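Colleague: So you can see what is in the structure, the chains are spelled out below.
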Amino acid sequence: MSCPNKSPTLVQLAGAPRELPQFWRSLEELAGDPDFAARLAQEFPRHASVWDESVADRRRFLQLMGASLALAGAQGCSSPPPEAIMPYVRQPEGMTPGVPLHFATAMPRSDGAIGVVATSHMGRPTKVEGNSLHPASLGATDAMAQASVLTLYDPDRSQTVARLGVIATWGDLLGAIRGALASAPKGTGVHILSPPSTSPTLARQRAALIAKYPQAKWHSYEPAGRDAARSAAIAALGEDVQPVYRFEAADVVLAIDADFLCAGGGAVRYAHDFMSRRGVESEGAPNRLYAIESAYTPTGAAADHRLRLRPSGMEAFARSLASRIGVPGVDEATPTDGAYAKWLSAVASDLQAHRGRSIVVPGSHLPASVQSLVHAINDALGNVGQTVTFIAPPAGETVDGASALRELTDALNADAVNLLLILDANPVYDAPVALQFGTALRQARLAVHYGLYQDETAELCPWHIPATHYLESWSDARAYDGTAAIVQPLIAPLYEGKTVHEVLSALIDPAPMSSYDLVRATWQEAFGDDFDMRWHAALRDGVIADSQPATITPTLQPSAASGLAPSEADANSDTFELILAPDPSIGDGRCANNGWLQELPKPLTKLTWENAVLMAPADAQRLGIETDDVVRLECNGQSVTAPACIMPGHAEGCVTCYLGYGRTRAGRIGTGLGFNAYMFRPANGGYVARGAKIAKTGKRSELARTQKHHEFEGRNIIHQATVAQFAADPQSVLPAAAHHPLPSLLPDVPYDGFAWGMAIDLSKCMGCNACVIACQAENNIPIVGKEQVVLSREMHWLRLDLYYAGRPEDPEAIHQPMLCQHCEKAPCEVVCPVAATTHSDEGLNEMTYNRCIGTRYCSNNCPYKVRRFNFLQYTDEETPVLKLLRNPEVTVRSRGVMEKCTYCVQRINHARIDAKKSAVESGAPPVIADGSLETACQQACPSEAIVFGDVNDPKSRVAKLKADPRNYGVLSELGTQPRTSYLVRLRNPNPALG
Amino acid sequence: MAISVKPIAEPPAAAELHGSPGSPVLAPGHTFTSVTDQISAIVLTRGTTRGWWVGFGISLFFVNVLMVCVTYLIATGIGIWGNNIPVGWGLDILNFVWWIGIGHAGTLISAVLLLFNQSWRTSINRFAEAMTLFAVACAGLYPLLHLGRIWVFYWLLPYPNTMGLWPQFRSALVWDVFAVSTYLTVSLLFWYVGLIPDLATLRDRTQSRVGRVVYGILAMGWRGSARHWLRFDAAYLLLAGIAAPLVVSVHTVVGFDFATSIVPGWHNTIFPPYFVAGAIYSGFAMVLTLAIPLRAAYGLQDFITERHLENMAKVMLATGLMVAYGYVMEVFFGWYSANTFEQYVVENRAIGPYAPAYWALILCNVLVPQLLWIRRIRINPISLWVIAIVANIGMWLERFVIIVTSLHRDYLPSSWAMYYPTVWDWGTFVGSLGLFFFLLFLFIRFLPMISIFEMRELVHRTEEEHDG
Amino acid sequence: MGDRHVVDDMPRIYGVLGEFPSAEHLTAAARAAYEAGYRRMDAYSPFPVEGLADALGARRSRLPLIVLIGGICGGLIGYLMQYYMVVVSYPLNIGGRPLHTWPAFIPVTFELTILGAALSAVLGMLALNGLPRPYHPLFNVPEFNLASQNRFFLCIEATDPQFDVSSASDLLGRIGSTHVQLVEY
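Protein chains in written order, with the numbering used here: chain A, 1 to 994; chain B, 1 to 468; chain C, 1 to 185.
Isolated chain A (complex conformation) (with noise of 0.2 Å):
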């Protein structure tokens, strides 16, 4: 394609200012008319086949063609920021052409920043790995940090200044901001609309603003947000604090609705800690877990015990529990049922038997009543101080996000808006439908979007500023207990984006600063006389030292349970208690356009690409209504037709609808996906709709789910054992099958030197999908979009089967993360005709992309179905930003071959590599050091379920779990030998509900 177009394109840009800065101004002169630079702005030329016909003549199309040419150089040549940035670990003289740098940075949330490690090939951060210097990461990450990069490259963030859609330069903006301050002193009528932030950066900038506009106003929305966890802690501890957990120290942990282990800024460390008490190697005695939740969740599924409740009745169990703690002034909601009350007294009991050493989890999206009753419980029971610290919450100012929203709407109503900056958000997508937000928005006299995409709040904006990716960003953030790290670039903005610093600081300062100064200037005196010093430190370290603030140790206020009076109960029972969360792999909405994570299976669905009705199978039942059916939800006199999902486990008498789909201008990958649930939401940001009504309405929509059958058959596939028959007797927790592996008629290969193996600790896994997607950034797999996900043709190496055991309506959840078993008398090798698929001396089972033509018969012969075949060109070789995403040590499969897990193969051989090469210097045979490397799934894993390593090496972790009698290797009955492992699920249920 490109050499008849290559001429025009170097003809045109010869007529262009050489210097490249001056770049994108010759672009738009050489495209010639504002409407092509529009669409320029907006996506990528190759796009041209889907525009109008009319204006597709040839010498349009020369020119468009010219600019994707043009822009994919501009891309291949983006260089590290100029400011000096600190390597991480290894202190390179320089790049070294094919050795990959590492970078510590940090990953910007408003509930908490997560510490990163990003690899830099290069020049291009190609993945992200967890900083184990950090404390809400500890070396490990969760699915949407891995993601992130995908986000980075992703071709439809938005490139360039725009007016109205058009592009235009940073000088018109400036201009047209500067008027509008000009015409409002003091800063009556300005406005600023932007999520919480945990940067102290921006906090600093903020306060000068306001020093400098004393009549201007600051409203943070988060859509959501932790407005009930405030107002909670107003009321029960008299001042805005956050709650900071320790769970390594909790021996009973209850948690009320609260997804702690996927969910909130804090949930990769906590899922450390909790699955630190449980496993093979756990220390100390295993913890238990109860979950009371209403919508089936990861932290539901590693429960010990789970009791299904309808959210209205979350107060009605908080209120009994609280009287049963013994706290004061409250009065035990009336029991509903036997089991339940049963339930109740067994929690309590159990409660009581580890006070200070035990930990009630309220959901921050909880009303604050429940709320206010668990800090009086926790209080209660000694766990505040223990197991239950507070500080100030890192995300600095406190204010109600749905009443800020709710003053920002009246003041545009009341045409009393001159500049509305929206710095980050989109409310005109998030808001709720009450506040009509969007047609509020009309009314200011000057709106300025700024964030990654021209989304539905940009298209309403007229002017828009393209936000910098984090990666591309200096800036600074507190994680979920308040230590603060630098956010360090790792590679200049690809585009015009400009980092919300130097947004703010376009308005403040007299002289435009950047945002390394900005954020230097910020730790300038925190860091005093020896600041470069601490400044290094601080970026190589990815975490400034001492920098978490004091612990705050509020006091009770009496009033805390006492004052609140009783919610009422839904009594109507023909309707339904709708719940709007937000969802498990796309959040709020923000990631909607990250194909990685559209086509993450949603933990306990296994649901692609779109949103559902999330209902228990009894509703279901009465209504006649089966998974695929599309149903009409209507409630607050809005409804939506959606496909209905049904979710084992589900509480009766609600339904669940996961928040952040149905968004109109989000991209190619995420505009049109599911349903906007936002249009249910109360007004008041509250999490529960009341009142709705569901109906079949004869039509079938087959969702993308990439599982649709969840019993094991009684198979050899998952062994779960209690922690007292376990205690009792190691050996009775796998069945003597397990223990005694068929002898093979086939020799035993020799693998001396290294035997690659892992083991994988059921007990520890809670299905949290950090694995998959880093498996996917690091080896580069494709994603295929709903109808290929249909048809069953996903690509990811790595999965997360997800088995049901118990009843329908109140199962048990077990997780297995399957991937590739590297059998070592592998059936699939046997029956390719070629000899695609071998074994190696490392006992990997390897595949010869190159070699493979296609037969299909390995992965029919494979009886764990891990092997990918690409069924068409699923991997996107046009569009040129995607190419700096690649790992360069992977290769990209083309149409027509098979692959598969390889165990990371490029990780061995480059610590191999790095082995010999220090066993050349020292004379010592190659050594790779247990732990040194890890696959990216295992470095990944939060809760450390995942081991790999040589089994050749006794004291290697992975052998030693190996040697566990939990050990067993799934369908090992068929002689594959397999090299991944399983260790038995251990729970540990309370004699009392036994």
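The hints are simulated quantities; they were obtained by calculation from the structure and are not laboratory data. Be aware that one or more of the hints could be misleading.
Said to hold, decoys possible - Derived list of chain B stretches under chain A, where covered just means 3 residues or more per stretch with a C-beta under 8 Å from a C-beta of chain A:
| hint | region |
| --- | --- |
| 1 | 70 to 78 |
| 2 | 81 to 92 |
| 3 | 139 to 149 |
| 4 | 157 to 168 |
| 5 | 172 to 178 |
| 6 | 190 to 204 |
| 7 | 260 to 268 |
Since this is a predicted model, take the numbers as computed values, not measurements. We put the CB at the ideal spot given by N, CA and C, even for glycine.
Following the hints, complete the assembly by docking chains B and C onto the known chain A.
Modeller: Showing chains B and C alone in chain A's frame:
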């Protein structure tokens, strides 16, 4: 293999076929001249009938359908079909097995019946062999088309290359390559050798110069010399002797494609023999499907008599019963193995989502053939033709059940999924049918569909018998 | 058409051709001619006639031996090829199987045995019959095209030591040939 040869050698069948008092294998009153005239006339003098043109046109249309499907497939990828993970093989391999099965009757009739000196084979062997060739040609398409990267299909062949790599001889797919290509070659030789004397006849009878040249070249200067006939007979007999075990081995190897895997429902020792039986069954069904209309269209009732129809019906009945035995054994193994996976396969076939296919197959291959116990049905062309069609459908369903139901729910319930063929799957299938009939129409137009010299021999032998 | 082949107006003779009404006559005639001492002769029939070749004193065909050799060669090549490729040339660990997995080599060996035998059978037959042979003097005889249809011929060839046109023709006449004629080059 011994097991699977048995059916053919089965004394009752053989004896029955030979000394049946029933209608003769050749209508009385024929002379060398009359058989030569009648059969060669179809090619030389009768010219091209309208019916031929219609049939030829239709088949040509479907050949083009095949072209379109194949082009789109190669341009886009296997993804245009319904195949997925876990069902890596669908209609592609299904049709391969189906066609190769059909391609068994020809060589079987020619070779095995020749060895057992079954005079009734004479009038049907020629086009049965042709049918074999065309069926194998259609079958051969699929292993190529089902490749993800068809353009490197030759990596399946052992040839020296810069990678220094060879095929992986433990894979049944490589055995397939050798078995099918050998089968195609031998069938072609067998067919051509048998044609040589008839080509000479056509050479000597044709009026057109072009015909004389073409047939002359193909006849290679055959003169019917006694010494030549001596070697010719020897060669023909030897080829028959070689082809007989070959026929058995080919479908055995095809059976291995499944039996040597570990997929529950495939990993089955009974597969080779029961595949061979099924192949003969479907092969004879296809011969009947073709012979009955042809015989009517070209007035060949004298040569393809009731006797032939009845004998073929008997073979169908016998092999059909063996196939039924195979089904019973599959179920029995499922239970007797006490293997949960095998048991589940049996259960899933009977009551799973694809149960209708399974029960339809039982109807087509087990119940309907039982009608062949009745002589009136055996000798009635119409009923026989219908049963033959049913049998063809049944064998197609059998392969569907074996391939799809085994794969779609194997070991890990987490990856269980459904398989639905797409329009491109079906297009490729009807396309291959088109190709088959396309070749067949060309054959009956330009070559004698009945072996003339063997008919003369038959005339001669019957005369001798009459003279006593 | 004979004259077309006249060499210096003295026609070169291939032999004498006698036509017979039936296979039985032909066989009898052949036997008689053999007893009369003729060796270089051949009989032509539209289908294989039992005992005709014996009557002409033809020896048993060597074809079976050729086929046997062809088959053995095919089989040997098949097995050795696999052994070389899998064990010697590029040994690989395939699913933890031993390198020399002889049972897996049997199918290919068998198929190649068959192929070798079949090819040698056909090629052997053609070679021994001296086919293809597009031109033969007998084709000059107009009636001879009936040899591939319904007539039977016996040809005493000129190369026979005791050949002589008149005596050969007489013999043919005596042993029941309905029509005798010269076969010229």
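Colleague: So, for every hint listed, does it hold in this structure?
Modeller: Evaluated hints:
Using a Cβ-Cβ cut-off of 8 Å, 3 residues of the region 70 to 78 of chain B lie near chain A, which meets the minimum of three, so the contact claim holds. Counting residues of the region 81 to 92 of chain B whose beta carbon lies closer than 8 Å to any beta carbon of chain A gives 7, which reaches the threshold of three, so the coverage claim holds. Chain A is given as covering the region 139 to 149 of chain B, and this holds because 4 residues of the stretch bring a CB closer than 8 Å to a CB of that chain, at least three being needed. Counting residues of the region 157 to 168 of chain B whose CB falls under 8 Å from any CB of chain A gives 5; the rule of at least 3 is met.
Check result for the region 172 to 178 of chain B against chain A: holds, 4 residues qualifying (beta carbon to beta carbon below 8 Å, three or more required). Here the region 190 to 204 of chain B counts 0 residues with a CB under 8 Å from a CB of chain A, which misses the bar of 3, and the coverage is violated. Counting residues of the region 260 to 268 of chain B whose CB lies closer than 8 Å to any CB of chain A gives 4, which reaches the minimum of 3, so the coverage claim holds.
Violation of the numbered hints given earlier is confined to hint 6; every other hint is satisfied by the structure.
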